[in-house]
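Chemist: Chains as they are written, first to last, in our numbering: chain A, 113 to 223; chain B, 143 to 257.
No lab work stands behind these hints: they were computed from the structure. All C-beta atoms, glycine included, are put in the ideal place defined by N, C-alpha and C. No false leads were mixed into what you were given.
With a Cα cut of at most 20 Å, we get these calculated SDA-like pairs of lysine to any residue:
{"#": "1", "chain 1": "B", "residue 1": "Lys207", "chain 2": "B", "residue 2": "Asp229"}
{"#": "2", "chain 1": "B", "residue 1": "Lys207", "chain 2": "B", "residue 2": "Leu161"}
{"#": "3", "chain 1": "A", "residue 1": "Lys164", "chain 2": "B", "residue 2": "Gly241"}
{"#": "4", "chain 1": "A", "residue 1": "Lys164", "chain 2": "B", "residue 2": "Asp243"}
{"#": "5", "chain 1": "A", "residue 1": "Lys180", "chain 2": "A", "residue 2": "Asn134"}
{"#": "6", "chain 1": "A", "residue 1": "Lys164", "chain 2": "B", "residue 2": "Thr240"}
{"#": "7", "chain 1": "A", "residue 1": "Lys164", "chain 2": "B", "residue 2": "Arg242"}
{"#": "8", "chain 1": "B", "residue 1": "Lys207", "chain 2": "B", "residue 2": "Leu225"}
{"#": "9", "chain 1": "A", "residue 1": "Lys180", "chain 2": "A", "residue 2": "Ala165"}
{"#": "10", "chain 1": "A", "residue 1": "Lys164", "chain 2": "A", "residue 2": "Asn134"}
{"#": "11", "chain 1": "B", "residue 1": "Lys149", "chain 2": "A", "residue 2": "Pro152"}
{"#": "12", "chain 1": "A", "residue 1": "Lys172", "chain 2": "A", "residue 2": "Leu222"}
{"#": "13", "chain 1": "B", "residue 1": "Lys149", "chain 2": "B", "residue 2": "Thr221"}
{"#": "14", "chain 1": "A", "residue 1": "Lys172", "chain 2": "B", "residue 2": "Ser143"}
{"#": "15", "chain 1": "A", "residue 1": "Lys168", "chain 2": "B", "residue 2": "Arg242"}
{"#": "16", "chain 1": "B", "residue 1": "Lys149", "chain 2": "A", "residue 2": "Tyr151"}
{"#": "17", "chain 1": "A", "residue 1": "Lys172", "chain 2": "B", "residue 2": "Tyr244"}
{"#": "18", "chain 1": "A", "residue 1": "Lys172", "chain 2": "B", "residue 2": "Arg242"}
{"#": "19", "chain 1": "B", "residue 1": "Lys149", "chain 2": "A", "residue 2": "Gly153"}
{"#": "20", "chain 1": "A", "residue 1": "Lys164", "chain 2": "B", "residue 2": "Val238"}
{"#": "21", "chain 1": "A", "residue 1": "Lys172", "chain 2": "A", "residue 2": "Ser126"}
{"#": "22", "chain 1": "B", "residue 1": "Lys207", "chain 2": "B", "residue 2": "Gln156"}
{"#": "23", "chain 1": "A", "residue 1": "Lys172", "chain 2": "A", "residue 2": "Ser197"}
Cβ-to-Cβ under 8 Å is the rule here; a few derived chain A residues that face chain B:
{"#": "24", "residue": "Ser144"}
{"#": "25", "residue": "Phe146"}
{"#": "26", "residue": "Glu154"}
{"#": "27", "residue": "Gly155"}
{"#": "28", "residue": "Leu156"}
{"#": "29", "residue": "Leu158"}
{"#": "30", "residue": "Phe201"}
{"#": "31", "residue": "Asn210"}
{"#": "32", "residue": "Phe213"}
{"#": "33", "residue": "Gly214"}
{"#": "34", "residue": "Pro215"}
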Amino acid sequence: GNSVTQMEGPVTLSEEAFLTINCTYTATGYPSLFWYVQYPGEGLQLLLKATKADDKGSNKGFEATYRKETTSFHLEKGSVQVSDSAVYFCAHDNYGQNFVFGPGTRLSVLP
Amino acid sequence: SAVISQKPSRDICQRGTSLTIQCQVDSQVTMMFWYRQQPGQSLTLIATANQGSEATYESGFVIDKFPISRPNLTFSTLTVSNLSPEDSSIYLCSVVQTGRDYGYTFGSGTRLTVV
Chain A
113 GNSVTQMEGP VTLSEEAFLT INCTYTATGY PSLFWYVQYP GEGLQLLLKA TKADDKGSNK
173 GFEATYRKET TSFHLEKGSV QVSDSAVYFC AHDNYGQNFV FGPGTRLSVL P
Chain B
143 SAVISQKPSR DICQRGTSLT IQCQVDSQVT MMFWYRQQPG QSLTLIATAN QGSEATYESG
203 FVIDKFPISR PNLTFSTLTV SNLSPEDSSI YLCSVVQTGR DYGYTFGSGT RLTVV
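Next up, chain A with everything else stripped away, as it sits in the complex:
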């Protein structure tokens, strides 16, 4: 069935460190892929997305590339800030119906 797997957290980094959060998916066909972010005490916000193979989504210094051959959509940022501390969810769509979410990865960035 459809699923999303993310690296286990929590991830703790120092400010300005490089971030990678791995995400792989299982889905029928070629879904659109998403990263959502949930800041403390808030709902989920769309961070970036990619709708077809080899597309790169980017926003706020974060990037992720849709890799069909490895069914992956890893999230990266070259230099994290304390304000990036949040929970990050990888997701894919499901024929325009409900989305399938990964378990989330908590990121803590220390000053």
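Given the coordinates of chain A, work out where chain B should sit on it, guided by the hints.
Modeler: Here is chain B on its own, set in the frame of chain A:
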């Protein structure tokens, strides 16, 4: 993109009571989705609410416990009935945004604590 107003943002409720959560969207949408996020967990879909028909519930969720109303294309409510401490979670409504802004848009969530 669509804006969803969800309320209440948080509540503390007694066991055995019920809480009704409201979501108002600033545009017409066909489907609205209700999710539960238990502490430290990911999102679990409760049900899909379509205007003019019964909500479709996921495995493990039943209408008697989570009745949903969808009176029009911009509004929905989720009631969590006969509350127990295990219902303490964040509840989120969402809609699918079409077109250029394709993706899920979420309400800000309702943090429920049952005591």
